[in-house]
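Residue numbers (the numbering used here), protein chains in the order written: chain A, 1066 to 1228; chain B, 1066 to 1228; chain C, 1066 to 1228.
I should point out that these hints are in silico values taken from the structure, not numbers from a laboratory.
Misleading hints may appear alongside valid ones.
Treat identical chains as interchangeable: a pair holds within one or across any two.
[Stated by the list, open to error] Cut-off 30 Å, straight-line C-alpha distance, at most; resulting in silico cross-link-like pairs (DSSO-like, lysine-lysine):
id: 1; residue 1: Lys1126; residue 2: Lys1073
id: 2; residue 1: Lys1197; residue 2: Lys1223
id: 3; residue 1: Lys1145; residue 2: Lys1073
id: 4; residue 1: Lys1126; residue 2: Lys1196
id: 5; residue 1: Lys1223; residue 2: Lys1196
id: 6; residue 1: Lys1073; residue 2: Lys1223
id: 7; residue 1: Lys1073; residue 2: Lys1198
As the structure is a computational prediction, the values presented were derived from the model and not from experiment.
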Amino acid sequence: MAADADAKLVELEQRLQALEDREKIRETLARYSFTADMGRSREYVENYTDDGTIDLGPSTKWSGHEELTDFITDPAGGHKAIEGRCMHTSVNTFIRVEGDAAWAEGYSVVYTKEGEGYGVYTLGYNHWTFKKKDGRWLLAYRHRRPVGGDEWGGDVIKEFLDG
Amino acid sequence: MAADADAKLVELEQRLQALEDREKIRETLARYSFTADMGRSREYVENYTDDGTIDLGPSTKWSGHEELTDFITDPAGGHKAIEGRCMHTSVNTFIRVEGDAAWAEGYSVVYTKEGEGYGVYTLGYNHWTFKKKDGRWLLAYRHRRPVGGDEWGGDVIKEFLDG
Amino acid sequence: MAADADAKLVELEQRLQALEDREKIRETLARYSFTADMGRSREYVENYTDDGTIDLGPSTKWSGHEELTDFITDPAGGHKAIEGRCMHTSVNTFIRVEGDAAWAEGYSVVYTKEGEGYGVYTLGYNHWTFKKKDGRWLLAYRHRRPVGGDEWGGDVIKEFLDG
């Protein structure tokens, strides 16, 4: 066997781990959507780090599990207005992992049932950061701005240029 | 070379295989959409196991290749009403593989051309099971319920909680 | 260690590389969308090979960086009409890699903000080819036809049948 076989094994495991991490980060985003849409508020909040933040707009931002619980359970809030008839999705997700930290950039589309039909409820540009804890990737920060809003999407989605 | 190199090689191959299986399962879902949208009825049906089932609602369920052929080719059926102007997609797909069996949970969105415009035709919550046969992953069961329907999506999409 | 360990290492690296290539090709498609939507015209064009082509319909085709720059920057063109309020996405992407060449088949959905609401702007069937240059996957040709148009989608999306 080649003398550098040990080094090659280490290299292959690192590259494999990088792909596994990306897969798990996509699962964290799927879990985010499932728990929001199914009204699983506790599991939704547990998908974030302790100081996790959702930043949906200049004046709409929640940090930490207590505020995140308010965000997702408030009877008068934006989420309860659509829960049970909504579908949160993320697409075009571009991911970079560095050790136990990671970031992703991509698009979010929320669909809803409206009367007897279906439609697009919101469109967002996103930059997410993640932290790995006990083998699981948690959401640390979601920076999201609406498509066609006052802020340029290029201020949200930009790290991919160097990625 | 380290004494445990053989064991490490076996471990790496298993982890690699797990990622390859997920990729192939996503391809099975893409193939499902392509064959439905392109009117390739034979290939659509062959994407299922012999006793494969599509369960779209409490009273709309087809099992086995004969019934699946009826479902996809019936001139008076729901599929023929949109074939040629539709696009079936699956997103937020969460996959678990165990040997030659697998399941996935996620969302389906069907879009259609309507007149000169385009829109969202249906939205569904899904739990799929798959079986591997001759190196290819086939659909065994699709349990799908509409978004905003009578049944709670959390009865369809739930295994991810332990995944 | 087993006598065939070297051969196994080579095999595992090739399989790993195949998954990494697919991931990078998905990133090329994400980069395509990000640069188009953010108005990053130079980076949009650099995402193509020197003779890269976008073929959106029988009479709407641009080849090479000069024409592609025209396509994406023309003040009277189709892209400028929606830039700043649009979101290009690709889903159901089926990929095959052969050395430094690759192809993919799948769906494209463009969403826009319309007034105070959001909607589906276009739907497309796609066959893309890619070339690897200096470790990066570039778009060589995009063959796209609209859903529900004059041409059958099965003329665009068909290589997956043998894939």
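Verification of the hints:
no.	hint	verdict
1	Lys1126 to Lys1073	neither (46 Å within a copy, 46 Å between copies)
2	Lys1197 to Lys1223	both (23 Å within a copy, 23 Å between copies)
3	Lys1145 to Lys1073	neither (52 Å within a copy, 49 Å between copies)
4	Lys1126 to Lys1196	within (19 Å within a copy, 42 Å between copies)
5	Lys1223 to Lys1196	both (20 Å within a copy, 24 Å between copies)
6	Lys1073 to Lys1223	neither (34 Å within a copy, 38 Å between copies)
7	Lys1073 to Lys1198	both (28 Å within a copy, 24 Å between copies)
Hints 1, 3 and 6, counting from the list given before, are not met by this structure.
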